[in-house]
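Chemist: Take a look at the letters that make up each chain.
Protein chains: 4
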Amino acid sequence: MANSFGTIFRITTFGESHGVGIGVILDGCPAGVPLEASAIQAALDRRRPGQSALTTPRQEADRVQVQSGVFEGLTTGTPISLFIANADQRSDDYAHIAGAYRPSHADYTYDAKYGRRDHRGGGRSSARETAARVAAGAVAAALLAHFGIEVKAYVSAVGEVEVGKSYEELDLSLIDSNPVRCPDPEAAARMEARIRAAQAAHDTVGGVVTGVATGLPPGLGEPVFDKLPAVLGHALLSINAVKGFEFGSGFEGTKLPGSRHNDEFYTDETGRVRTRTNHSGGSQGGISNGQDVYFRVAFKPVATLLQPQQTINQAGEAVTLAGRGRHDACVLPRAVPIVEAMTQLVLADLLLRARANRL
Amino acid sequence: MANSFGTIFRITTFGESHGVGIGVILDGCPAGVPLEASAIQAALDRRRPGQSALTTPRQEADRVQVQSGVFEGLTTGTPISLFIANADQRSDDYAHIAGAYRPSHADYTYDAKYGRRDHRGGGRSSARETAARVAAGAVAAALLAHFGIEVKAYVSAVGEVEVGKSYEELDLSLIDSNPVRCPDPEAAARMEARIRAAQAAHDTVGGVVTGVATGLPPGLGEPVFDKLPAVLGHALLSINAVKGFEFGSGFEGTKLPGSRHNDEFYTDETGRVRTRTNHSGGSQGGISNGQDVYFRVAFKPVATLLQPQQTINQAGEAVTLAGRGRHDACVLPRAVPIVEAMTQLVLADLLLRARANRL
Amino acid sequence: MANSFGTIFRITTFGESHGVGIGVILDGCPAGVPLEASAIQAALDRRRPGQSALTTPRQEADRVQVQSGVFEGLTTGTPISLFIANADQRSDDYAHIAGAYRPSHADYTYDAKYGRRDHRGGGRSSARETAARVAAGAVAAALLAHFGIEVKAYVSAVGEVEVGKSYEELDLSLIDSNPVRCPDPEAAARMEARIRAAQAAHDTVGGVVTGVATGLPPGLGEPVFDKLPAVLGHALLSINAVKGFEFGSGFEGTKLPGSRHNDEFYTDETGRVRTRTNHSGGSQGGISNGQDVYFRVAFKPVATLLQPQQTINQAGEAVTLAGRGRHDACVLPRAVPIVEAMTQLVLADLLLRARANRL
Amino acid sequence: MANSFGTIFRITTFGESHGVGIGVILDGCPAGVPLEASAIQAALDRRRPGQSALTTPRQEADRVQVQSGVFEGLTTGTPISLFIANADQRSDDYAHIAGAYRPSHADYTYDAKYGRRDHRGGGRSSARETAARVAAGAVAAALLAHFGIEVKAYVSAVGEVEVGKSYEELDLSLIDSNPVRCPDPEAAARMEARIRAAQAAHDTVGGVVTGVATGLPPGLGEPVFDKLPAVLGHALLSINAVKGFEFGSGFEGTKLPGSRHNDEFYTDETGRVRTRTNHSGGSQGGISNGQDVYFRVAFKPVATLLQPQQTINQAGEAVTLAGRGRHDACVLPRAVPIVEAMTQLVLADLLLRARANRL
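Chains as they are written, first to last, in full-length UniProt numbering: chain A, 1 to 359; chain B, 1 to 359; chain C, 1 to 359; chain D, 1 to 359.
Hints listed in this document are in silico derivations from the structure and should not be mistaken for laboratory results. Where hints are given, some of them may not hold.
Same chains, same label: a pair holds when it works inside one copy or across any pair of copies.
[Claimed, not checked] SDA-like mimics (lysine to any residue), calculated; alpha carbons at most 25 Å apart, straight line:
no. : residue 1 : residue 2
1   : K165      : P257
2   : K152      : H18
3   : K152      : L359
Please work from the sequences and hints to get the whole structure.
Modeler: Below you can see the structure in the form of structure tokens.
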């Protein structure tokens with residue numbers, strides 16, 4: 001229960017890390033959206049392991065198969081099934097955790113909830129599940145593109161290393177110009193060094209991803225419980241390792257007086273309603289106001305360490321555990337396409353939901 | 001659409017600020033929960049305007065009527081309807097905004113979305129709607145109490161004034177000992193001064209509410225999209241004026257190395273599985289692990305100012321607007337019961353959902 | 001759980017027969033629909049008790065109060081709350097059933113499900129709940145009217161007395177010309193006699209309501225599980241006392257060969273696609289094809305009898321029970337507006353859902 | 001939208017007749033249910049084409065692959081993905097319908113709804129989609145078996161040929177003893193002759209399937225909109241070609257007086273509450289009462305005829321069309337496992353939903 005997300009544009013993901021494969025069914029995509037498998041594959045390639053020296057050396061091709069819902073290059077309005085076969089699993093790497101609970105992993109809580117779990121590679125709790133989200137996000141992106149809406153994300157902090165500029169001061173076309181996916185080359189170099197230091201110490205490091213959506217019309221977001229930031233927060237907080245979400249002025253904004261925080265309205269030369277500042281982050285009363293939507297997402301450091309840790313096994317006995325296998329020291333670069341995908345899925349859904357607002 | 005929240009324990013709220021009244025229908029509460037109207041009223045009294053010199057002088061009794069779903073002091077399993085009649089509206093206070101868009105309010109976005117709005121008192125976008133949530137939260141609290149689960153929230157920052165202690169270092173029984181609802185008397189005094197300064201300046205101030213849930217069994221939270229923090233974040237980000245949510249180590253935790261962030265498991269003397277630290281905030285893989293769930297919620301400064309602001313009217317023309325009426329300079333003290341209510345609603349729902357996990 | 005119906009145009013009903021009142025929250029109605037309380041009241045007046053000698057003499061004014069969601073005569077897009085206070089309850093009439101299970105009533109199953117029940121007047125299981133549906137149906141009708149869609153229902157059988165004509169052979173403007181709500185005056189007279197005979201025998205009688213929806217555009221109905229007839233069947237089978245639903249050719253159509261059952265397509269003089277026959281009942285593949293949607297709904301005889309019956313009490317002991325109070329001998333005339341309302345609610349929802357089909 | 005069914009035990013199906021394959025994701029199955037692929041395959045084998053001389057000679061192996069959600073022979077509580085690759089498609093058989101609308105098929109309505117369609121083999125509107133339902137139904141059956149609930153269905157009428165006995169008078173172990181799936185051998189022989197006559201005439205024939213569920217505890221079914229018969233009716237009316245649903249006494253029951261229709265309660269020798277008759281069909285007030293649930297489902301004659309028919313093409317021009325390919329003259333025998341599957345899915349869901357009723 002709860003492997004689905006979305007109200008009209010709705011996805012359901014399935015699959016375990018070391019089973020036959022993983023996938024997603026997307027129900028509710030309108031008919032007539034141009035959709036190429038290559039666009040979905042390109043999104044997956046940005047998330048897949050082994051794409052740079054900064055990520056896990058685990059090689060997974062993550063080839064997507066479009067199984068339904070597309071005919072002659074256009075969506076048909078029927079469910080779109082996207083399947084990614086698993087490969088290169090080394091389940092033996094996980095034999096040592098079959099009976100032990102990795103610290104800050106989901107091993108214990110899955111056992112506590114279900115009474116059993118598929119321990120191989122983390123099973124369903126593996127971040128591998130997010131590949132299915134990225135695939136679905138590419139379909140959402142195709143729909144959004146039709147309406148001129150674009151979503152971009154980038155790494156704005158790795159550990160204590162921060163970009164120090166707002167998204168408006170950066171050239172977002174540079175995001176993929178370095179393996180960190182930070183559009184500030186100088187900061188990217190420092191972040192890369194920080195990740196290499198973690199790798200060298202057999203340790204891990206967290207960070208922050210910043211996301212921006214542009215081109216939204218006013219009117220997206222459903223009062224009162226499905227406000228745009230509420231649904232977006234839900235989506236992003238459902239990503240593995242995420243610990244926080246803030247939009248617009250966020251936590252820092254709580255320190256401003258209202259007289260400085262308020263965004264003054266004006267009408268621009270084209271007659272469009274705009275605001276002079278955008279502390280609101282593009283959403284007022286939970287509804288988009290036509291300004292950019294921007295937000296920050298906190299990722300904790302990766303829990304799997306290549307160093308010994310104290311924990312317990314299923315019998316409750318103390319054991320020592322050391323991560324084996326091939327793991328990321330920092331998930332941030334690979335988290336960028338996941339943040340984009342979840343944002344795209346949220347906006348596609350809110351876009352379709354907004355159609356019911358008026359006669 | 002989206003005036004409902006929850007999957008099994010599900011609420012639907014309705015009503016405008018200056019209409020007949022507001023209310024909530026709660027569907028899915030199990031039969032047999034002892035429920036007194038006085039408990040609901042007590043929760044509402046903590047939220048209502050006019051309760052202290054720090055809040056709006058607007059007096060609203062906010063008397064709740066239990067209309068259905070309770071028989072002889074116990075819930076019956078049928079929908080519980082809670083209604084709060086409106087009173088003391090001074091709609092004239094709002095005549096000046098009928099055609100103007102208040103900065104950082106929902107006036108413009110409601111018009112953009114629906115083509116019209118009930119402008120009186122903010123209509124549906126008014127924070128008055130949260131009274132219905134607080135009423136429903138009291139029912140959730142009654143259910144949770146049966147299972148030994150308790151939720152508390154308090155003001156941990158007003159503007160730049162912060163408590164500076166973790167929830168574990170505070171005596172949470174002191175939350176209601178001062179009008180700020182901060183359990184640290186010394187910090188509370190500084191916060192009160194900060195709010196009075198804002199009032200004096202005809203300005204407003206934001207802040208942070210910290211929440212804690214204790215007594216949760218392991219197993220609450222539904223992978224992969226309805227992880228406990230994801231649903232909780234959704235709930236809290238749907239509250240008016242909220243700009244951010246973080247749980248456990250949150251944004252600060254991104255700066256720790258994994259070796260310090262991980263929570264080591266051990267078995268305590270009673271045989272219960274515990275962790276030595278709790279950076280996870282009581283949730284691993286999105287499922288409760290039996291430790292305390294704690295989190296922080298950012299509230300922006302109140303948008304209604306008793307000073308002139310530049311904005312536009314419906315015709316797009318520049319106008320000057322100054323707030324009239326009776327408004328809070330800081331919503332934080334009154335936000336505490338709302339944060340508690342949304343948390344209670346989330347936990348009640350996840351508790352019932354978890355029943356489907358096993359044979 | 002499950003006191004809501006609909007996906008986008010969604011209602012939630014609440015209230016017990018002898019509590020404070022009953023009501024409905026309608027979420028998802030588009031903004032801008034002209035809505036007068038008098039139209040809702042008119043629908044309720046067709047359902048209310050005491051309207052003719054054929055129905056229960058119980059007098060209930062069933063005055064509706066519009067509590068939210070309407071401003072200056074138009075819907076605002078926010079939840080519409082409709083409340084009907086209870087009056088003229090004689091709970092004493094039900095004291096005798098507090099501990100006994102009326103045959104073919106919901107007394108036993110509510111106790112079995114919830115462990116308790118509000119026995120007064122049948123509590124939540126009372127057909128009084130359908131007044132809330134009728135009120136909501138009137139809002140749906142206002143929306144449908146904007147798109148030229150109209151729904152009518154009438155009594156086509158009372159016990160073994162049948163109309164014997166198809167809906168196309170009848171003048172549906174005559175439905176309200178007699179207390180039975182049968183548009184065939186001759187059949188109506190025989191039906192009225194049949195109901196009076198049941199009354200005289202202290203017995204009850206069932207029957208059939210036929211419904212017709214005209215003016216539907218092609219394209220309503222969502223494959224594969226929310227086909228138009230599937231959702232309509234769900235709605236109508238949720239009405240108290242309903243035992244069957246068939247649409248188009250129905251059960252009789254199973255006896256036709258395919259060569260006679262198929263509906264031949266042609267293009268009429270205006271260029272519109274039509275079918276020469278309509279065994280399909282306006283739905284093919286679960287999607288409206290632009291022809292009339294028509295269907296039949298079976299109502300069992302009323303279970304409350306004014307004669308002694310054998311049954312058991314909560315302790316499982318045999319007891320004799322005789323209905324007291326003021327009950328209908330035949331619900332069919334009052335069921336007509338309920339069938340119309342549920343059909344209107346289904347079509348309004350499918351109409352809004354269909355907007356997501358295409359770019 | 002609407003390719004999902006169920007609330008807690010929830011399926012989502014996907015796939016077109018002539019695409020890569022079809023499948024289903026089942027979310028919400030509790031952990032710990034013993035599940036063998038062979039049980040799913042056995043259910044599919046009862047539905048697959050080519051199983052007897054009475055069905056289409058089209059040969060499809062319909063081999064199911066269990067892709068996720070099962071580990072070491074038990075369900076894990078995570079989504080169960082079942083995939084069936086397509087084979088033996090002869091898309092050329094359908095080239096003639098690419099631009100033409102087959103009478104009483106979904107060709108026209110899909111085009112009207114979506115603006116395009118995958119015409120090959122009927123695409124998504126093909127009854128092939130029901131194979132996915134049957135696969136999921138086998139999982140539901142495994143869950144129900146744990147609670148002693150069993151579902152059986154059989155053909156009770158083919159055209160005008162009827163069984164003439166109630167389900168209680170038949171030996172349901174004989175259902176699969178003949179290719180018609182009618183447990184009355186004498187009636188089965190007449191039905192078989194009726195189907196062969198239709199085949200010989202290049203025509204088709206409809207009929208009725210009767211279903212029975214035994215072993216239900218009291219308490220399943222959610223008032224007021226998700227009454228057991230309402231959800232069951234929804235499920236069964238969503239099957240291709242279904243035109244009607246009735247349960248218990250159904251349409252015939254409308255002719256009985258209440259004094260004969262009511263089901264008298266008594267306590268049997270084991271202390272269990274029972275009814276002496278069962279006109280209610282095991283449901284009172286929409287909640288199971290512990291008696292058998294039984295119902296009838298009407299299937300129209302197959303629309304694809306191997307004889308010429310008049311219709312129009314996409315341009316609205318009159319054309320003559322004759323079915324080619326390999327089609328059933330009567331779907332009833334193959335509909336039996338589909339009716340069983342949908343019933344199993346409904347009961348599994350209501351069983352899990354009922355867990356939220358009480359403390």
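Chemist: It remains to establish, for every hint, whether it holds in the given structure.
Modeler: Comparing the hints with the structure gives:
no. : hint           : verdict
1   : K165 with P257 : both (22 Å within a copy, 24 Å between copies)
2   : K152 with H18  : neither (31 Å within a copy, 37 Å between copies)
3   : K152 with L359 : between (33 Å within a copy, 23 Å between copies)
The structure is inconsistent with hint 2 alone, although it conforms to all the rest.
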